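Protein chains: 2
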Amino acid sequence: MSSQSAIQPTRQADFPEWYQQVIKAADMAENSEVRGCMVIKPWGYGIWELIQARLDKAFKDSGHKNAYFPLLIPVSYMEREASHVEGFATECAVVTHHRLEAKKNPDGSVKMIPSGELTEPFIIRPTSETIIGAAFSRWIKSYRDLPLLINQWCNVMRWEMRPRLFLRTAEFLWQEGHTAHETADDAQKEALQMLKVYEDFMRDHLALPVITGEKSESERFPGADNTYCLETMVQDRKAIQAGTSHFLGQNFSKACNIRFLNRSGVEENAWTTSWGVSTRLIGTMIMTHGDDDGLILPPRVAPSHVVIIPVIPKEEVRDQILKACQDFAQKLKEKTFHERNIEVEIDRRDENGGVKNWEWIKKGVPLRIEIGPRDLEKNQVALARRDREHRKKDFLNMDDAIAKIPSILQEIQDTLLQRATAYSNENMKKIDTLEDFKKFFTPKNENKPEIHGGFALCHWAGSREDEARLKQEFKVTIRCLPFDKTFQEDGKCFLTQKPSSKRVIFAKSY
Amino acid sequence: MSSQSAIQPTRQADFPEWYQQVIKAADMAENSEVRGCMVIKPWGYGIWELIQARLDKAFKDSGHKNAYFPLLIPVSYMEREASHVEGFATECAVVTHHRLEAKKNPDGSVKMIPSGELTEPFIIRPTSETIIGAAFSRWIKSYRDLPLLINQWCNVMRWEMRPRLFLRTAEFLWQEGHTAHETADDAQKEALQMLKVYEDFMRDHLALPVITGEKSESERFPGADNTYCLETMVQDRKAIQAGTSHFLGQNFSKACNIRFLNRSGVEENAWTTSWGVSTRLIGTMIMTHGDDDGLILPPRVAPSHVVIIPVIPKEEVRDQILKACQDFAQKLKEKTFHERNIEVEIDRRDENGGVKNWEWIKKGVPLRIEIGPRDLEKNQVALARRDREHRKKDFLNMDDAIAKIPSILQEIQDTLLQRATAYSNENMKKIDTLEDFKKFFTPKNENKPEIHGGFALCHWAGSREDEARLKQEFKVTIRCLPFDKTFQEDGKCFLTQKPSSKRVIFAKSY
Numbered sequence: 001m002s003s004q005s006a007i008q009p010t011r012q013a014d015f016p017e018w019y020q021q022v023i024k025a026a027d028m029a030e031n032s033e034v035r036g037c038m039v040i041k042p043w044g045y046g047i048w049e050l051i052q053a054r055l056d057k058a059f060k061d062s063g064h065k066n067a068y069f070p071l072l073i074p075v076s077y078m079e080r081e082a083s084h085v086e087g088f089a090t091e092c093a094v095v096t097h098h099r100l101e102a103k104k105n106p107d108g109s110v111k112m113i114p115s116g117e118l119t120e121p122f123i124i125r126p127t128s129e130t131i132i133g134a135a136f137s138r139w140i141k142s143y144r145d146l147p148l149l150i151n152q153w154c155n156v157m158r159w160e161m162r163p164r165l166f167l168r169t170a171e172f173l174w175q176e177g178h179t180a181h182e183t184a185d186d187a188q189k190e191a192l193q194m195l196k197v198y199e200d201f202m203r204d205h206l207a208l209p210v211i212t213g214e215k216s217e218s219e220r221f222p223g224a225d226n227t228y229c230l231e232t233m234v235q236d237r238k239a240i241q242a243g244t245s246h247f248l249g250q251n252f253s254k255a256c257n258i259r260f261l262n263r264s265g266v267e268e269n270a271w272t273t274s275w276g277v278s279t280r281l282i283g284t285m286i287m288t289h290g291d292d293d294g295l296i297l298p299p300r301v302a303p304s305h306v307v308i309i310p311v312i313p314k315e316e317v318r319d320q321i322l323k324a325c326q327d328f329a330q331k332l333k334e335k336t337f338h339e340r341n342i343e344v345e346i347d348r349r350d351e352n353g354g355v356k357n358w359e360w361i362k363k364g365v366p367l368r369i370e371i372g373p374r375d376l377e378k379n380q381v382a383l384a385r386r387d388r389e390h391r392k393k394d395f396l397n398m399d400d401a402i403a404k405i406p407s408i409l410q411e412i413q414d415t416l417l418q419r420a421t422a423y424s425n426e427n428m429k430k431i432d433t434l435e436d437f438k439k440f441f442t443p444k445n446e447n448k449p450e451i452h453g454g455f456a457l458c459h460w461a462g463s464r465e466d467e468a469r470l471k472q473e474f475k476v477t478i479r480c481l482p483f484d485k486t487f488q489e490d491g492k493c494f495l496t497q498k499p500s501s502k503r504v505i506f507a508k509s510y
Numbered sequence: 001m002s003s004q005s006a007i008q009p010t011r012q013a014d015f016p017e018w019y020q021q022v023i024k025a026a027d028m029a030e031n032s033e034v035r036g037c038m039v040i041k042p043w044g045y046g047i048w049e050l051i052q053a054r055l056d057k058a059f060k061d062s063g064h065k066n067a068y069f070p071l072l073i074p075v076s077y078m079e080r081e082a083s084h085v086e087g088f089a090t091e092c093a094v095v096t097h098h099r100l101e102a103k104k105n106p107d108g109s110v111k112m113i114p115s116g117e118l119t120e121p122f123i124i125r126p127t128s129e130t131i132i133g134a135a136f137s138r139w140i141k142s143y144r145d146l147p148l149l150i151n152q153w154c155n156v157m158r159w160e161m162r163p164r165l166f167l168r169t170a171e172f173l174w175q176e177g178h179t180a181h182e183t184a185d186d187a188q189k190e191a192l193q194m195l196k197v198y199e200d201f202m203r204d205h206l207a208l209p210v211i212t213g214e215k216s217e218s219e220r221f222p223g224a225d226n227t228y229c230l231e232t233m234v235q236d237r238k239a240i241q242a243g244t245s246h247f248l249g250q251n252f253s254k255a256c257n258i259r260f261l262n263r264s265g266v267e268e269n270a271w272t273t274s275w276g277v278s279t280r281l282i283g284t285m286i287m288t289h290g291d292d293d294g295l296i297l298p299p300r301v302a303p304s305h306v307v308i309i310p311v312i313p314k315e316e317v318r319d320q321i322l323k324a325c326q327d328f329a330q331k332l333k334e335k336t337f338h339e340r341n342i343e344v345e346i347d348r349r350d351e352n353g354g355v356k357n358w359e360w361i362k363k364g365v366p367l368r369i370e371i372g373p374r375d376l377e378k379n380q381v382a383l384a385r386r387d388r389e390h391r392k393k394d395f396l397n398m399d400d401a402i403a404k405i406p407s408i409l410q411e412i413q414d415t416l417l418q419r420a421t422a423y424s425n426e427n428m429k430k431i432d433t434l435e436d437f438k439k440f441f442t443p444k445n446e447n448k449p450e451i452h453g454g455f456a457l458c459h460w461a462g463s464r465e466d467e468a469r470l471k472q473e474f475k476v477t478i479r480c481l482p483f484d485k486t487f488q489e490d491g492k493c494f495l496t497q498k499p500s501s502k503r504v505i506f507a508k509s510y
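Sequences listed follow chains A and B, in order. Position 334 of the first sequence, counting from 1, maps to 334 under our numbering, and the rest follow consecutively. Position 326 of the second sequence, counting from 1, maps to 326 under our numbering, and the rest follow consecutively.
It is possible that part of the hints are untrue.
Copies of one chain are not kept apart here, so a pair can be met inside one copy or by any two copies together.
Calculated cross-link-like contacts (lysine-lysine; reagent style DSS-like; alpha-carbon spacing at most 30 Å) [stated by the list, open to error]:
1. Lys-65 - Lys-24
2. Lys-60 - Lys-24
3. Lys-498 - Lys-485
4. Lys-254 - Lys-475
5. Lys-65 - Lys-323
6. Lys-104 - Lys-331
7. Lys-196 - Lys-430
8. Lys-60 - Lys-254
9. Lys-57 - Lys-404
These are calculated hints, taken from the structure and not from any lab test. Predicted model, so just to flag it, every value in this text is computed and none were measured.
Excised from the complex, chain A in its bound form (with noise of 0.2 Å):
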């Protein structure tokens, strides 16, 4: 891949590579020589402190807490929840050891194996439920005790057999809210309302148009009564499940002894609730926004907002122009944009423009400006938007530009999420025969089994064993049972015939 030029392959040719090569280009991660373990680059790992920040003062905004629970979890406390540990057990990383030995070999070489066996494993958290359960039925002794609302900020851990960078990694960082709360309506409630603090994050911040609603029971998350989900679709027109928010019911405060005393002083269990986002935010709005130049970022979570990149044609110039750049960044980063002082960088490199527009491009930053000695002269900028087709330049007058850049970032975050959608309503067909169904999932060409129809709106209303036989063969599933009133009507299940109240989503998924 030449320095000046756009992503190869393009999405249309092949949208996995696609991806792939955008993370690259952009410089946000790599995978690492552990199996399945990413290395986050400083560009990516910006970007999730961006997600980080604003997510953590939502959880404080609506009473949650922070606090840091055991990274290692005894296999005995995945045990006592059945359908929990049976979920997670194919992917869990065992600690069976608690120190090295040096060995000798027989040529006088000397290697470390393990030693000083434990006499009950442990597994690294694939989430905490069990670990924090044991806590809150320790801290948990009385209705005033509840609502106890925890969240966690943490690496987890799931051995996967197909790793992709930021989608689905051994290792990923997350967040992980856990409550308990005195009675089953209360618990739905904090459930939902998680539900909606995601879903409002995802449209405003990262401008991804997200449908909520709850999963099939086929899908739930191990151990949980009701799986709220919030899915989205990107541009090969695969769901991706961007967020959960589980009602756990009364099967964690079972399994985990969480017990109180309630109002009429009669010892009874919790309900409790979990949720969580994690770092595979950050591969769905790479697949929802990035184009065939590389990565674009929602300004709200551009870890620059702004490169300035100094035009020096000659020598003489230059101190001129870099004093110019200079002047003009510090003007502007005392503007604000969404809470936040514009974060503006002058990329002062010896490298030819092409170049460095070229980067920057390719890792996404809203806006470039330039500013070279016809620009001064005039007391303007150039200024390209990432939105825009990379070659389109507008000239502003320096003051109208710090005047105007807040706005113009707010247009971007306005356009990609109104694309974004655009995009997913134009795939989303209602089906209502199985053939309709074959068809649509069906690639039109052998050798992109990736294009597809998008999301299907069925009717359904077969059982758990049919749901599993799509999956087989065409490895689509149910991925929501949509809140949005518009998908309540009468009909027949697509599949059984039989009656049906409200369509569903289908669709393939990563």
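With chain A held as given, fit chain B onto it using these hints.
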């Protein structure tokens, strides 16, 4: 322990047990059932968040960027640096399997056992030099890529045989900076610069009087050419290493193959550093400032600066008093203390005032304010400072209180540093003979082995073996070869009588 009383035992009676009880009474953290791993509760985690926010800003202001690297390290990576693997081998948690499998017991019950053995085991990072070194070796090609300035916030694990909340736990939270440079001199400067960042932070925010210097050879980080440290004395006169910054020379760049083309076009090994502080800082702070009533928090790292306790002698005044508290809190929240809005909590719980007061005393909140009917009549509040005797109250006009609280908080901050500095200075003594050394470190009272002299400032020219002998006999080590010029003077080693040009610090330590 009654809810309306001081901590039992007192510091004097049993310092280690006092420490545990302070943490319990302040509801900061607790031991989990996972050996050596703690649960950090919201009050403790809130302090960590403030530490993080401040240090993160200092790291970014000095050009460092955050990134994230894998939790798991292949054993072969650790083996690359001989003294490194030797240093950590006895405390490594080892992952050997990647799944669990159900096994039926003869009695029909099912047990989950480790399955899917890995061809090469992984250890959970005890520190990340080797895994980050592997990434640096991919990222660095030329001097143009240097300096590379990276920081990581994460959890690490070192299997501890004698864990103690915050001070020494199997899993702990920390940050680890890792940097690579063109020259030894650049790397040395970086290591010292970050030591200064830590020193300023610990003095100005945690109110810790730290002594900076370097470690003796035997106390260095495994794999470092030089370890710079920050040592502080806590109230049982032991030393705590509050942070370290390592000049790693070319040891890890050789082990990890971090090579670059220098300005003359010749390939050479980079020079690296690493530096870190951890949740241990919280333990250090507790042991430094706490008193027999419990925790005392320096205002700059207090999750709440002020707690307001409504005094409601009869039901009729409840609404009026609560409204006055609310109004007062609102005005106070608009004030700032050191770049943060003042954090105010109103304790509305249905609990008597004495109980509430004691809870907040034990939690170390800098200021407690009571507002009752008589205060309201006089337009005043009753203010109690945590750095003074707990019964003392100042009555302040409401507006005056709001105006003065920021400076009162700074006074408390200053008082804590002054007190700790005075205590530390009082318990440092120049020791010039082995006899005095013995006396200094021999407990006066056999039942209180922890009571001893403090920091012994000694001329030293002994060998590594001499050092090991002193450690064996007195449980005392060289904590630090201080930078401070006042330690430089000609003299004779107290053990070997050899000439010495500088005093070092000997102390017992955590």
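Hint check results:
Within a single copy, Lys-65 and Lys-24 get their C-alpha atoms only as close as 36 Å, which misses the 30 Å cut-off; across copies the closest is 18 Å, which meets it. Within a single copy, Lys-60 and Lys-24 get their C-alpha atoms only as close as 35 Å, which misses the 30 Å cut-off; across copies the closest is 24 Å, which meets it. When the C-alpha separation of Lys-498 and Lys-485 is checked against a cutoff of 30 Å, the pair qualifies only within one copy, where the shortest distance is 21 Å, while the shortest distance between copies is 88 Å. For the identical chains of this complex, Lys-254 and Lys-475 are neighbours neither inside a copy (35 Å) nor across copies (48 Å), given an alpha-carbon limit of 30 Å.
Proximity of Lys-65 to Lys-323 under the C-alpha cut-off of 30 Å is restricted to the inter-copy arrangement: shortest distance 25 Å between copies versus 46 Å within a copy. In this assembly of identical chains, Lys-104 and Lys-331 lie within 30 Å of each other by CA distance neither inside one copy nor across copies; the values are 65 Å within and 70 Å between. For a Cα distance limit of 30 Å, the shortest separation of Lys-196 from Lys-430 inside one copy, 26 Å, qualifies, whereas the shortest one across copies, 64 Å, does not. Taking the closest pair of Cα atoms, Lys-60 and Lys-254 come within 30 Å of each other only inside a single copy of the chain (28 Å); across copies the shortest separation is 46 Å, beyond that limit.
Taking CA atoms no more than 30 Å apart as the test, Lys-57 paired with Lys-404 passes in both settings, with 28 Å inside one copy and 29 Å between copies.
In summary, the numbered hints that this structure violates are 4 and 6.
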